[in-house]
Amino acid sequence: MIRAGATLVTGVLLLAAVATAAERPALGSEFERAKAAFAAGRHVEALDAARRAADGAPASLPPVLMRASIAEFMGEFDEAATYYGKATALAPNDPDVIYRNASFAVRIGAYDRALANLDRLLRLHPWPIRWLFAWGPSRIQPALVTQYPSLVQIVQAQIDILMEKGDLARARALARANGIVQPDRNYCNDARGKAGQVSSDETFQIFRLAALAQPDAADCIWWYGQWLTDEGFVRLGRLMVAEGTRVTPSAGNKASGAAYLRVRLGGDRDVSKRAEQLFLIARQRYLRDGDVEGATRLFEEAMRLSPRFVRPYHYRAQIAWDGGDDAGAVSWLERALQVDPESWRTHRNLGRLLGRLERFPAAETELTTAVGLFGDDAGGRLALARVLYAQGKYAEYARETNAALAFFKRYGQELPETREFLARYERWGPGVGLPPAPDPPVIMGWNYD
Amino acid sequence: MTERLAVLAVAGALVAASPASAEIHRWIDADGVINYSDRAPQPSAHVAAPAEPAPPAIPPPSEPAAVAIATAAPAAPGAILTPAVVAAPAEAPPSGPVSLDELFELTGTKRQLAGLTARLAREFRPAKGQVAAPAQATIERVIARTFRPDVVYRVAKEEFARGLDGSRLEAKLRWLRSPLGRKVAALEMATADPQHERELAAFAATVAATPPSERRRQLVERLDWVSGASEVSADVTAALSSSVTRAIALNAGGGRRLSRRQIESQAEEVRANAAVTLQQATLVSMLYTYRTLSDEELERYVEFESTEAGRWYNGLLRRALLTTLTRAFEETARAIFAAVPPDRWARAAPTPR
Numbered sequence: 036m037i038r039a040g041a042t043l044v045t046g047v048l049l050l051a052a053v054a055t056a057a058e059r060p061a062l063g064s065e066f067e068r069a070k071a072a073f074a075a076g077r078h079v080e081a082l083d084a085a086r087r088a089a090d091g092a093p094a095s096l097p098p099v100l101m102r103a104s105i106a107e108f109m110g111e112f113d114e115a116a117t118y119y120g121k122a123t124a125l126a127p128n129d130p131d132v133i134y135r136n137a138s139f140a141v142r143i144g145a146y147d148r149a150l151a152n153l154d155r156l157l158r159l160h161p162w163p164i165r166w167l168f169a170w171g172p173s174r175i176q177p178a179l180v181t182q183y184p185s186l187v188q189i190v191q192a193q194i195d196i197l198m199e200k201g202d203l204a205r206a207r208a209l210a211r212a213n214g215i216v217q218p219d220r221n222y223c224n225d226a227r228g229k230a231g232q233v234s235s236d237e238t239f240q241i242f243r244l245a246a247l248a249q250p251d252a253a254d255c256i257w258w259y260g261q262w263l264t265d266e267g268f269v270r271l272g273r274l275m276v277a278e279g280t281r282v283t284p285s286a287g288n289k290a291s292g293a294a295y296l297r298v299r300l301g302g303d304r305d306v307s308k309r310a311e312q313l314f315l316i317a318r319q320r321y322l323r324d325g326d327v328e329g330a331t332r333l334f335e336e337a338m339r340l341s342p343r344f345v346r347p348y349h350y351r352a353q354i355a356w357d358g359g360d361d362a363g364a365v366s367w368l369e370r371a372l373q374v375d376p377e378s379w380r381t382h383r384n385l386g387r388l389l390g391r392l393e394r395f396p397a398a399e400t401e402l403t404t405a406v407g408l409f410g411d412d413a414g415g416r417l418a419l420a421r422v423l424y425a426q427g428k429y430a431e432y433a434r435e436t437n438a439a440l441a442f443f444k445r446y447g448q449e450l451p452e453t454r455e456f457l458a459r460y461e462r463w464g465p466g467v468g469l470p471p472a473p474d475p476p477v478i479m480g481w482n483y484d
Numbered sequence: 002m003t004e005r006l007a008v009l010a011v012a013g014a015l016v017a018a019s020p021a022s023a024e025i026h027r028w029i030d031a032d033g034v035i036n037y038s039d040r041a042p043q044p045s046a047h048v049a050a051p052a053e054p055a056p057p058a059i060p061p062p063s064e065p066a067a068v069a070i071a072t073a074a075p076a077a078p079g080a081i082l083t084p085a086v087v088a089a090p091a092e093a094p095p096s097g098p099v100s101l102d103e104l105f106e107l108t109g110t111k112r113q114l115a116g117l118t119a120r121l122a123r124e125f126r127p128a129k130g131q132v133a134a135p136a137q138a139t140i141e142r143v144i145a146r147t148f149r150p151d152v153v154y155r156v157a158k159e160e161f162a163r164g165l166d167g168s169r170l171e172a173k174l175r176w177l178r179s180p181l182g183r184k185v186a187a188l189e190m191a192t193a194d195p196q197h198e199r200e201l202a203a204f205a206a207t208v209a210a211t212p213p214s215e216r217r218r219q220l221v222e223r224l225d226w227v228s229g230a231s232e233v234s235a236d237v238t239a240a241l242s243s244s245v246t247r248a249i250a251l252n253a254g255g256g257r258r259l260s261r262r263q264i265e266s267q268a269e270e271v272r273a274n275a276a277v278t279l280q281q282a283t284l285v286s287m288l289y290t291y292r293t294l295s296d297e298e299l300e301r302y303v304e305f306e307s308t309e310a311g312r313w314y315n316g317l318l319r320r321a322l323l324t325t326l327t328r329a330f331e332e333t334a335r336a337i338f339a340a341v342p343p344d345r346w347a348r349a350a351p352t353p354r
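These protein sequence lines map, in sequence, to chains A and B.
Here the first sequence is numbered in the numbering used here, starting from 36 and rising by one per residue.
Here the second sequence is numbered in the numbering used here, starting from 2 and rising by one per residue.
Everything labelled a hint here was simulated from the structure, so no lab data went into it.
There may be inaccurate statements among the hints.
[Said to hold, decoys possible] Chain A is faced by these chain B residues, among others (derived, beta-carbon under 8 Å):
hint, residue
1, TRP226
2, VAL227
3, ARG312
[Unchecked claim] Chain A residues, not near chain B, derived (Cβ > 10 Å throughout):
hint, residue
4, ASP83
5, SER185
6, LEU203
7, ARG211
8, GLU237
9, MET479
Glycine included, each C-beta is placed from N, C-alpha and C at the ideal position.
Turn these sequences into a full structure, and let the hints steer you where they fit.
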């Protein structure tokens, strides 16, 4: 999502810059306003201005394409489809229009249409290049894609599509054939060495390459899946975790993988690509833009498309809580549990919320379930310890806290405040305040929704 | 900043020190059942407004007769404000109203709360020159209304009364009636007097040079722990921060509205940053307050505060205090920034008060 968003932003701005240079007099102030607003991160305003710009110049490609791009970025997919269609009608052979159509098709899960668009894009290259790209020996492919960078984009998009379709074998073959991965390099070792030391995007790239280059590297494939899970790409995340689980020789890991798919990724509950993307965009609109109305509409559309996909419910609960509607927040999480009773995150969120509302017995039930579903949930265990303490269940508080502290310590997290509180309790008995329940992210794949 | 933290530390000391106030009335009803309520029994209580939540039914205390809190005549028969408890005690203890006011007088809570309210109200006053004179007058009017000591006290009593528990309350009252309990309460009330502020500051300055004995230090640390004194100071700090942030965000105009999550996260950060300083201030305040107690006396006090009754009382008072002050902060901040929007406040750093 972040990466896709950033690419799109770059694209929109690039498009705007080109259009500005070429057609400034014809485009008018709305186009400029949209461009400026988008660059400044005022996305709702940018879309409004882009609409006016496109309406004011319906036969001009830049404003039409800009409206389509910003609408896509904002999750207004019907509008985006309409305006990509208009852009295609205006410039059927424009490479940028074709590429954007392909990218949009991937976003909404129309993979075959995306591949068709990429093929069209390829056909715009000189025929010898196309021929070499399609049929030339593997050894010349790296040089070819270096000389024609647009070919790399096409290949990468094709690989992503094949992975999302679950056709890992073809994705890997394409990556090898085009020099995206080198046969003699151990990407998984690179990933192990760099994970946690490089940016999230770099981590993603390394794990992606490991998954493409080393079919037997079960742990790296699994980690890639867990990274995708935290980022919100639940569909590809499921595929990768399932693949890692399939290839691992360890029975214990197979069981862990199966449990992860069930309690973290919703098992086999349908999540359409469009619902996943709407969720990702809605989350950004809410967290990044503070656009409550727009985000709410998209979350609810995602729920309508995939009613058993729990993440949008979590954010509806968050929105309700942020708006001071505590009962509404509880209700949204209870609805999430109705559609996925084994969702670890939902039990955890509900338990923490009920704890905040001082509904301690109910909070205890939910948090006990959460740590039962995921035994290494040390943050959940501290939240549980807190509600136990609040109810005077001091021995259980101490037991859960000790377990959580021991776990966190293995990951270099000392949590001095929690430790100090426990020490005082052990020395002096219970005090009036409640113990702190920090929740530092330590295990990739279990941190974010 | 130090001064402000010291004020908040007093909030903590208040919790450490006191029983708080609202009227607790105890009476024997027509069925011989002991009742507790924050409302006096009415001759025709059955016509009481049904919309009001019923006071909690409280089981009979285990040793009711030992507590000398019954001073008034028994309530009229039929004065039932709570659902009747089925079993009547074999021997009715002395009955009559036990006033939360009396309780809070015994512990000095009423007096301390008034002082605390006045000090916290200062937090909302702009520094000299920060707003124009008419705006200053408006703010003063708001503060005078929202921090009215009688209103704050009444709300605190009502909040406290929600969590009444007969047997624990009786245990607390027994402690308060004891010679040491009275002595401790007197010391706490004395510290709450504004005239002691300077003396406390002078005492604080000497602590580094003449530190307390290890035993004394441990006793006040333990007292802070069992009473939650510095905890409540930190809570009050966080509540103050979030109410001001929320009000500013609502009235800032043009800016993006902050979510509850963002405001609470910011308040939590403020709380964490202030926690250590507040604890130090609380400990110094306690060393000062109990300076004339022997270690043995202080230990007996700490032992009582560590009992279930002591912790119950402090927990309830902490909750009542926090709820009351949060409400006052919210109302004050909302009214101030609605009347004097943030852009009418000068950005210059406030001068020390």
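Hints versus structure:
Contact between TRP226 of chain B and chain A, as hinted, is supported at the beta carbon level, the nearest pair being about 4 Å apart and thus within 8 Å. Hint status for VAL227 of chain B: holds, given a least beta-carbon distance of 5 Å to chain A, under 8 Å. Checking ARG312 of chain B against chain A: minimum C-beta separation of about 6 Å stays under 8 Å; hint holds. Annotated as non-interface, ASP83 of chain A keeps its C-beta farther than 10 Å from every C-beta of chain B; the closest such distance is 17 Å.
The claim that SER185 of chain A is not at the interface with chain B holds, since no C-beta of that chain comes within 10 Å of its own (minimum 39 Å). Taking the minimum C-beta to C-beta distance to chain B, about 39 Å, the non-interface status of LEU203 of chain A holds against the 10 Å cut. Every beta carbon of chain B lies more than 10 Å from that of ARG211 of chain A, the smallest distance being close to 46 Å; the non-interface claim holds. The beta carbon of GLU237 of chain A is kept farther than 10 Å from every beta carbon of chain B, the shortest such distance being approximately 28 Å.
Non-interface call for MET479 of chain A relative to chain B: holds, since the shortest CB-CB distance, roughly 23 Å, exceeds 10 Å.
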